[in-house]
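Undergrad: Protein sequence lines, in the order shown, are assigned to chains H and B. Its first residue numbered 130, the first sequence is counted upward by one per residue in this note's numbering. Its first residue numbered 130, the second sequence is counted upward by one per residue in this note's numbering.
Simulated from the structure, these hints should not be mistaken for laboratory data. A few of these clues could be false.
With a Cα cut of at most 27 Å, we get these calculated DSSO-like pairs of lysine-lysine [said to hold, decoys possible]:
| hint | chain 1 | residue 1 | chain 2 | residue 2 |
| --- | --- | --- | --- | --- |
| 1 | H | Lys-259 | H | Lys-218 |
| 2 | B | Lys-354 | B | Lys-343 |
| 3 | H | Lys-239 | B | Lys-354 |
| 4 | B | Lys-188 | B | Lys-239 |
| 5 | B | Lys-259 | B | Lys-239 |
| 6 | H | Lys-343 | B | Lys-239 |
| 7 | B | Lys-218 | B | Lys-239 |
| 8 | H | Lys-397 | H | Lys-545 |
| 9 | B | Lys-188 | B | Lys-259 |
| 10 | H | Lys-188 | B | Lys-218 |
| 11 | B | Lys-343 | H | Lys-343 |
| 12 | B | Lys-343 | B | Lys-218 |
2 protein chains.
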Amino acid sequence: MSHTVELLAVGTELLLGNIANTDARELSRELSSLGLNVYYHSVVGDNPARLRQAVELAKSRADILITTGGLGPTCDDLTKQVVAETFGKKLVFSEESAQSIRDFFARTGKAMTDNNLQQAWLPEGCTILKNRWGTAPGCAFRSGNNYVVMLPGPPSECLPMFREEAAPWLMGLSEGVIRSRTLRVFGMGESRVEDLLRQRMNALTNPTLAPYAKEGEVELRITAKADTPREAEALIAPVEAEVRSLLGDLVYGADVPSLEAVVLAGLKGRGLTMGTAESCTGGLIAKRITDLPGSSAVLKGGVVSYTNEVKQHVLGVPARLLEEQGAVCADVAAAMAQGARRVLGCDLSVSATGVAGPDSDERGNPVGLVYVALADRERVWVRELHLGGTRHRRDRIRALGANHAFDMIRRYLDGKDPEQL
Amino acid sequence: MSHTVELLAVGTELLLGNIANTDARELSRELSSLGLNVYYHSVVGDNPARLRQAVELAKSRADILITTGGLGPTCDDLTKQVVAETFGKKLVFSEESAQSIRDFFARTGKAMTDNNLQQAWLPEGCTILKNRWGTAPGCAFRSGNNYVVMLPGPPSECLPMFREEAAPWLMGLSEGVIRSRTLRVFGMGESRVEDLLRQRMNALTNPTLAPYAKEGEVELRITAKADTPREAEALIAPVEAEVRSLLGDLVYGADVPSLEAVVLAGLKGRGLTMGTAESCTGGLIAKRITDLPGSSAVLKGGVVSYTNEVKQHVLGVPARLLEEQGAVCADVAAAMAQGARRVLGCDLSVSATGVAGPDSDERGNPVGLVYVALADRERVWVRELHLGGTRHRRDRIRALGANHAFDMIRRYLDGKDPEQL
C-alpha cells in the first residue's frame, strides 16, 4: 500500500513571507523515511473560503492530508473548524485535552484566558495528538478512504508532535515497521557520491537508499520496512556495510547530528581539550563547537587573528614568516595552530587562514585558497584547500574551511592521517 | 486594480524535504511590498501530469502565476514545456538567450554541453527575463487575463532575477510606482512594537506599514504607491518620521541589512578598529562581523575565552575577581573587554559572558543571565541582560547577546549612552 500525502499549511504570515514554511520541509523528510510519498505542499492564508477549497482539493487528490497551523485561539481554530466541516465531523469537547491545557499553564506559570479552552473542542471520534510543547492539541482521524492529521504551526511544537504522536498513528495505517539509518559523509562532492551510488540506489527497493545534499556534506538515508524492528535492522545492515566499504572513512558517523558533534563527543570521551586560531573563518569554528551544549568541557578557547599583528603578538607567528610568505600559507597555518595550543593551554588546536573573498588578497592569492592545520603536543598537520569556483561564495568557503578543521580532528581521534582528504 | 498571485514551485527535492522552499518566502515579501496579494503557495514534483493540473488550477484561481524551478537541462525544461502548453503557446528559439548562455560558459570557463542551448527555447511573444547569475533564462507573458512569470529555482538566481527583471515587468502591469522603506528596530520586543503601532497600521492604506518579526529584532516596512517615485517618497516620509518619533533611537537604520553591517560601516567611516572577547557567545560576535566582506578593515581580532584560565592568562582578567565573583558578572565582562582592547590593539572592544544554557552555571546563575561590555581607551560600559524564559533557547540567548554587543557599539558611535537599553 503506497499512500500519497498532501501537506497543507494555514497562515497569512506564510503568504506575507514573514516566515518560511520549514514545517513542510521537515515533515517531508520524516514522511519520506516512513515510506510515504508527498505529492503536494500547499499554503493558504487565514481565510475560511480559500481554506475550504484547499481542503476539498487535498481530499480529492491525496489520501493523507496533514495540516499545519491555524490551531489555537488567535486564529479562532480556523483549521479545525473548516476541516471538521469538510469531512462532516462535529467538534466535541475533550475534558482530557482541557486538563492538558490547564496543566500547561500551571506548569509554565502563565495566565490562562478562557479562549484557551476552546482548543479542547476536537473532531468527534478523533485520536488526540498530545502537545507537550505548547497548548493546542492536534488530532488525527479517518474518513472513508481519507486520513487527516492536524498539527500546530510553530516548528517547536509541530515537529516533536509529528515524531512522537502523528508518526506512530500513521504507521498504524500500514502493516509492519519502518526503520532508518542516516550515514553522514564528508570529503566527497554530492555529485560524485551520487554517481558512485546511483546504480545501487535505483536497484534497491527495500531498504531504500537516498542521498540528501547539504552544504559541503552528503547524508545517505537507508530506510527499511519489515514486520519487526529486528527484521528491519537486518535489512539495513548489509546496505550500510556496502556503503561504508565504498566510501570508507568518508563516512564520519551514523545517526549523528554534525561533524562538530562527533568531534565534541570524541574529545570528551578521550578527556582531551581543544582550541582554535582563526583567520578567514573569523570565529566560525569556535561558534560551531559552542553551539553545542556541553562544549565547555572540551573547548578552552580561541583566537580570531584577523590581522598580522594579532597573529604575531597573540599567537606568536614569526614576523619574518608573515613578511616573507604572507598570511595565507601552510607555514602560517601551522604556526597559528601551534601558537593557539600554547597560548590557550589545550591538547589539540586547529587553525584556518585563507581568502574568503569576495576579492583575492593583496598578494594575489585566489578566493577559496585556504590552509587548515591541526596541532598536538608533538606534530602539526596542514591541509591545502582550493574552494574557488562560481558556486563558492564567502559563506560557503568559510563553512567548508570549518568543516575541514573538524574533519582533521575527527581523523586524528580515529588514528587516521589528518592531512588525508 | 488588485492582482492576486499564486507561487508554484516545481521540484521533487522540495517534496522530499531535501531543501526548503525559501523562494516562496522571499518572493512573498517582495510581492507584498509591490502591493500584490499572494493567495497561494504550491509545490509539485517533477511530474508532468501533476504539474499540468497545478498550472490549470493556478490559472483558474489567481491572475498572476509565478513559477520557480523546473527550468534548465537537468529537468528537461519541464516547467516551460507544461506552462507553454497549458497557455497555448509554442516554444521558439531565442538567439539572444542562446548567446547569453554561451557567454555565461565563456565567462565562467565551464564546458558547455549541447543540452544547455535547449534553455533558449522560450514561449512565443514572451518577455525574456535575463539570468546573469546562472544559465536558465526566465520569461514573462500575458495570456488573456492571466500573467505568467517563470523563474529558475536556485535562490541565488531566482531572487536577483525577480528584483531586477520580473518586478519591473510586474510593475508595468499597473499604473504608477511602488516604493518602500524598511526601518530596523532593536531593543523592543515584537509584541510591544506591534501594540504600539497597531492602531496606526490598521488606519494606514497608502502608505502601508507592516511589521516583520525577526530573531530579537523587528523590521517595519513602509510601502507607498504613487504616480511618480517622488510622490511615493513624499507619502513615506511622514510615516517614517512618525515611527521614528515613537520608537526613537531603537530604530537603528533604514534600508540596512543588519546591526553588524551598521556597526561595520560606522567604524569604517570613523577609521576605528574593534576586537572581541567572548565567553558565552563563543565566537559568534566575531563570526557575524566577519560574515561581511570588508570586515578586515575594522576587526583586528578576537579572543574566545571559554575557560577562566584563558580569561586570566590571555585577557588578563584578575584571578581574584574570577574567584570571588565567578566568570558571570559585570566586573569580569568589563575586564574582558578592556583586556581584549589591550591584547588586540584595537580602538573599541566588546565582550560577552553569561549562561547560555541548557543548565545554570556552577554558581547557580540562571540560564539567560548575560553581561555584555564595551570598552574604549577611557571607559567601559556594561549591560546586564536577563534573556531567560521558555522561548529563549541556547542559540537565541547567544544571538541576542551578540545583538546587544553590536547595539552598544552602534550607540557609542552615535554619541549615545551604550548602556541604555
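Undergrad: Hint check: Lys-343 (chain H) vs Lys-239 (chain B), CA-CA at most 27 Å. Holds or violated?
TA: holds, 23 Å
Undergrad: Take the C-alpha atoms of Lys-343 (chain B) and Lys-343 (chain H), compute the straight-line distance between them, and say whether it is at most 27 Å.
TA: Holds: Lys-343 (chain B) and Lys-343 (chain H) sit about 24 Å apart, inside 27 Å.
Undergrad: Given the hint that Lys-188 (chain H) pairs with Lys-218 (chain B), test it: the Cα-Cα distance must not exceed 27 Å.
TA: violated, 32 Å
Undergrad: Decide if the proposed pair is consistent with the structure: Lys-239 (chain H) and Lys-354 (chain B), CA atoms, cutoff 27 Å inclusive.
TA: violated, 43 Å
Undergrad: Given the hinted pair Lys-188 (chain B) and Lys-239 (chain B), is their Cα-Cα distance within 27 Å?
TA: Measuring from Cα to Cα gives roughly 38 Å; hence the hint is violated.
Undergrad: Given the hint that Lys-354 (chain B) pairs with Lys-343 (chain B), does the C-alpha gap stay at or below 27 Å?
TA: Holds, at roughly 26 Å.
Undergrad: Between Lys-259 (chain B) and Lys-239 (chain B), is the straight-line Cα distance small enough, at 27 Å or below?
TA: Status holds; Cα separation ~19 Å.
Undergrad: Check the hint pairing Lys-343 (chain B) with Lys-218 (chain B) against an upper bound of 27 Å on the C-alpha distance.
TA: violated, 42 Å
Undergrad: Are the Cα atoms of Lys-218 (chain B) and Lys-239 (chain B) separated by 27 Å or less?
TA: violated, 32 Å
Undergrad: Need the status of pair Lys-188 (chain B), Lys-259 (chain B): alpha-carbon distance at most 27 Å?
TA: holds, 24 Å
Undergrad: So if I understand the rule, the pair passes when the alpha-carbon distance is 27 Å or less; does Lys-397 (chain H) with Lys-545 (chain H) pass?
TA: holds, 18 Å
Undergrad: Between Lys-259 (chain H) and Lys-218 (chain H), is the straight-line Cα distance small enough, at 27 Å or below?
TA: holds, 20 Å
Checked against the numbered hints listed earlier, the structure breaks hints 3, 4, 7, 10 and 12; every other hint is satisfied.
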